[in-house]
Amino acid sequence: MSSSALHALIVLEAVVVAWLLLALAVDAVRAAHRRRRQPLVAAARTVLLEAVVSGDAGTATGALRALPNAECDDVLCDVATTVESGRDPLFEEVAAAVGTIARAERQLSSRGWWVRQAALRRLTAVGYRSPVGEGLLHDRSPHVRAAAVEWVGVTTPAEEASRHLVDMLGDDAEQVRSATKTVLCSLGTAANPILRTILIAGDGRDLRSAIEVIRALGDPTLLVDVRPFLHHSDEIVRREAILTSGPVLTESDVPMLSRMLAADDVELRCVAVEAAGQAGLRSLVSPIAQAMEDPDGGVREAAIAALDRLGPRGELLLARASAVGS
Amino acid sequence: MTAATVVDLIQAFDWAILGYFVVVNAVQATLLFSAALELSHIERQALGPKRTNVGSPLLPRITVLVPAYNEASVVTETVSSVMAIDYPDLEVVVVNDGSSDDTMEVLANRYGLVDTRRVSAGRVSTTRIRGIFTSRIYPRLLVVDKVNGGKADALNAAATFATGRLVCAIDADTVIEPDALQRLVRPFLDDGTTIAAGGTVRVANGCELEHARVVRRRPPTNWLAALQAVEYPRAFLFGRLGWNRLGGNVIVSGAFGLFDRDLVLEAGGYADDTVGEDMELVLRLRKVAYDADRPHRVFFLPDPVAWTEAPETVRTLARQRNRWQRGLADVLWRHRRLIGRRRYGRMGTVVLPYYTLVELLAPVVEALGLAGLAIGLAIGAVDVQFAVLFGLLAYGFGLVLSLVALSMERRIDPEPMSLTDTVRHTRWVLFEQVGYRQATVIWRLWGMLSLARGDKHWGTQVRRGFRAGSEAHA
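So the protein sequences, as listed, match chains A and B. Per the numbering used here, the first sequence starts with residue 1, numbered consecutively. Per the numbering used here, the second sequence starts with residue 1001, numbered consecutively.
Quick caveat, the hints were computed from the structure, so don't treat them as lab data. Worth double-checking, as some hints may not be accurate.
Partial selection, computed: residues in chain A whose CB lies under 8 Å from chain B [to be verified]:
hint, residue
1, 8
2, 10
3, 31
Okay, the calculated bits of chain A under chain B, using three or more residues with CB under 8 Å as the criterion [as the list claims (entries may be wrong)]:
hint, stretch
4, 108-120
5, 182-190
What follows is a list of derived Cβ distance ranges for each label pair [what the hints assert, rightly or not]:
hint, chain 1, residue 1, chain 2, residue 2, range
6, A, 134, B, 1193, 29 to 35 Å
7, A, 112, B, 1420, 51 to 57 Å
8, B, 1011, A, 173, 55 to 61 Å
9, B, 1023, A, 266, 43 to 49 Å
10, B, 1340, A, 265, 30 to 36 Å
11, A, 221, B, 1215, 48 to 54 Å
12, B, 1147, A, 233, 49 to 55 Å
13, B, 1215, A, 78, 17 to 23 Å
14, A, 34, B, 1147, 53 to 59 Å
15, B, 1128, A, 247, 50 to 56 Å
C-beta: ideal position from N, C-alpha, C; glycine also.
So here's chain B without its partners, still in its complex pose:
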């Protein structure tokens, strides 16, 4: 192979990467446009004072599913915050998933639990149920004590004994705004084909909380959390809003989602052998609906908000992104037979190919692209000026997407940040594309390698917990 051939190959490779970049960003721009239209439409619907359907006998019961494993120190806080959610027909099912600490004792003492009998219809199998308890104090609280089986298994047990038409799974460390469920139920009321609805998950780091409610939104002081706070709107808000209009939502965040209980059980419940269980469940629900020729939709609402704690150490963030990528790859592999199939409508022909070629392969292509660029520059196959200009173009496009996403987030925020906080928050957009993004590429690659080695563990996240206004803001 001659030097000229090598140069040609490198150039061809770089052009291919460039082509991929153009296609991906064209898709992102389409999603952005779609998201803008969708947000405008949703905002218009929300104009004017709203009468709620509180007290209407037609309002469906919602069961909140709370899996708990070794959470003696926080479980009552979690349960109390869930029961404080403002929704007229709310049921709470807590599952003690074989905790080795005194989670069960804490629940029994705090809520006056008494034995009750409930028979399972056996729609989804779970590990052995040791006992079922109701509360003397809160009639709508049910506690299920079972042998340890993992989070998905616990959610399935909770869903089995739920009596609500809709079920809401939340993470124990997620704070939900009190009226979030009243807003999240609207897609189900407005359109009977809705099978799942998700809300926005935002970074709570730095925010001021009172009684588990965010009362003032402020940017995180931790630099890593601040980078994630500018990443989340682009990664989640505008992507999911965009897919709303295109009928292609396939993810409802595990931290905050509302599902048709009957369909969840019919589909077999949450999968307990994947870390991407939120996307996996929605794909399976949609598949069941498509197979039954049942009109359906998965809806994303930007205004009901759940607040979650973003990782503040590199190690924890790396594990999280590793897990997300593993989850994505695993789920796409499991459902590979749906990809490209017209039988599965837009999900099969557009959405899943997008997730495969863009979300899944992007870190691979980016890494190869950077490597190819470096080699090309080294051997003179790539024009330096062109590379610099193109790098600036890519950086600028990323900035545009991020700033538009931040603007969207601001539009739906009832209490936008002050000018000073806005400047502090927005400045991180400039740095997100330089260093942070490349680090996430490495972590995501690591995730795919981990999956290839058979790693399906959740890992642990070090959490500092929400602190009411205690972070210092200079």
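Okay, chain A solo, but in the shape it has when bound:
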């Protein structure tokens, strides 16, 4: 490498360093400017919180209008998210008055997925139901779809929300499925019809997700509906079904569970032990106790947890295990 090349590179580095230092300085100045506005922002936040109590949207609107648009939106949405997750109509009223809703709706058609996502989140925060929002459930970006799922969960009546979300349980993106499951859990029994629909017609990812939600909700009427999937062809669906229907298993399921407890598949044994513990059937105590000797540590742990749930007989077996130092 010649000296002139080195010189050129050094000059280039010097320019880059100078630019970086300048950028840091500019950012520090902007941060200082934001900090100087902090009292105004804090005051607007306080007024908005008071408005939630008093119902005085006008004063809150006035305080927020004193802020730049971006900060106005941030304060409004931050308070709404913290206080009521957008379910207080006051937030929607104030958001409409200060232009938050209008700005967010314009951004729903932005080319940048992060802009659409942020806009959806603001509409979620203030609880505004935009006619455009539902279309974003099929957006090409998984981040936007996940935000749309949350938005539907907050702004749409429960039965309608669960109908909109029926397709999202089978979405390709895990974050979308995760968001959908969370929203369905929050809907409670309102999600039951749609979960039943998926149990009847679903397959693959949406079926697995639906069973997982049913397990989380713990509704006995739904748990019973999962029983037919104990023999499903999909291995993962079968395992989810076993785990989910634990509390509603009966003596007639004991032979099936006993076979699973002796299966070669470690995960199946683990799930079977957990389900057996939830079932609480006396005839399963011995098989569960035997699982404490399983070569796999996860199965042994599941067996210990299962015995813990089984009352005096289980406690006795655990006490014996403790005494021999296992």
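Use these hints to put chain B onto chain A, whose structure you have.
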């Protein structure tokens, strides 16, 4: 051997070192570019107000593992700060690792401990458990009293009795922001293949704290801590962000990390015979996942932050860097069979070779390079002007990397430093490459020599403790 031959050899050697320098910095530049893209992506995802999943039955339980050895004076503070973490389904398991002081008595008195029975599945062996206790006051607190076995052994005991799907190991002297776990759990919710996630560890020296929370970030007043404060973003933040995008994260900081508990126990828990246990665990977890053909990822999040105290004396810092290098060398040696193996994907073919050739050997090459340069200059084999220019080029490149890393850190900081503090903080970048870096090279070399002699001790760190806003800032 003639003088001309010697000169040729020295020149060839110096060119080789130069080539190494170019390759290493090309890799660093690639990581930097990758980190910038990743940070941009993460920032975009975070735009807009966030609804949390608080209260969702789908949120996994997290167990925080707290090993304690002779910490009677600080253990309740540590436990209280952990229990103040804002996470809906949190369990805390404290392990008294055979303390010779009254750590156990302090815990019993403060938390109303009562005997309980828990049976271990024996997934990981530990030293003898003397007793297990629950708290009458805090139902989610479990205390395990055991015979001394070291930090890793204590963590394993805690993980054994944890009931959370995820476990978080923290250092006793690390302060975690209250909502850090809510953020750190997101990679597990968004992607079921996540097996471990780590957050950022930052230097707390000089910061103002209230109730164990950093309320104002300020640069350290101690010169050594200040140098580390500009080093950490380059060394940790942009490197790990860069590896995120490349799928190559193999370190989750021992000070603050979240792991799949089942996989940790399946992999055998923390290794108790290495000082590089954080990297060793992640490598082992990834190996287990690769061997099982299980899709997996280790994720680094820049925004959940843990604050830790950086050493403020040369002696303590030297020991720390010695230990880090020993840990790195030991871990790479243990897992040498993974290096270069396609079976282990990008970890085997890219990441581990990088850590071996760059992170591990860099101090050796740098030391040899400086020595070769000095000899070359002395015997006239190296052109002085070229050496000076190249030195400036290297210095400048280091400056660029450090300033970019500081800019990244600033972008994710919700409360950036003031202009005055920014100037005070940034000026140390100019001095980091001159003297400090060379000192770390010596300490790291010393670490490798120590490992070669069989030294596997942690050593001690003198800690001043966090003080709420008490450092004087002129």
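Consistency of the hints with the structure:
For residue 8 of chain A, the interface hint is violated, the least distance from its beta-carbon to any beta-carbon of chain B being 10 Å, above 8 Å. Residue-level restraint check for residue 10 of chain A holds (minimum Cβ-Cβ distance to chain B is 5 Å; threshold 8 Å). The restraint placing residue 31 of chain A at the interface with chain B holds, with a minimum CB-CB distance near 4 Å, inside the 8 Å limit. Only residues whose beta carbon comes within less than 8 Å of a beta carbon in chain B count, and the stretch 108-120 of chain A has 8; three or more means the coverage holds.
Only when three residues or more bring their CB closer than 8 Å to a CB of chain B does the claim for the stretch 182-190 of chain A stand; here the count is 3, and the claim holds. Restraint check, residue 134 of chain A to residue 1193 of chain B: a C-beta distance of roughly 30 Å satisfies the suggested window 29 to 35 Å. For residue 112 of chain A and residue 1420 of chain B, the hinted distance range of 51 to 57 Å is not satisfied, since their beta carbons lie about 35 Å from each other. Separated by about 56 Å at the C-beta atoms, residue 1011 of chain B and residue 173 of chain A satisfy the suggested range of 55 to 61 Å.
Checking the proposed 43 to 49 Å range against residue 1023 of chain B and residue 266 of chain A shows it holds: the Cβ atoms sit about 44 Å from each other. A C-beta distance of roughly 34 Å is found between residue 1340 of chain B and residue 265 of chain A, which places it inside the suggested range of 30 to 36 Å. With their beta carbons about 50 Å apart, residue 221 of chain A and residue 1215 of chain B fall inside the hinted range of 48 to 54 Å. Checking the proposed 49 to 55 Å range against residue 1147 of chain B and residue 233 of chain A shows it holds: the Cβ atoms sit about 51 Å from each other.
The hinted range of 17 to 23 Å is satisfied by residue 1215 of chain B and residue 78 of chain A, whose Cβ atoms lie roughly 18 Å apart. Taking the beta carbon of each, residue 34 of chain A and residue 1147 of chain B are about 54 Å apart, inside 53 to 59 Å as hinted. The beta-carbon spacing between residue 1128 of chain B and residue 247 of chain A, approximately 37 Å, falls outside the hinted interval of 50 to 56 Å.
Hints 1, 7, 15, counting from the list given before, are not met by this structure.
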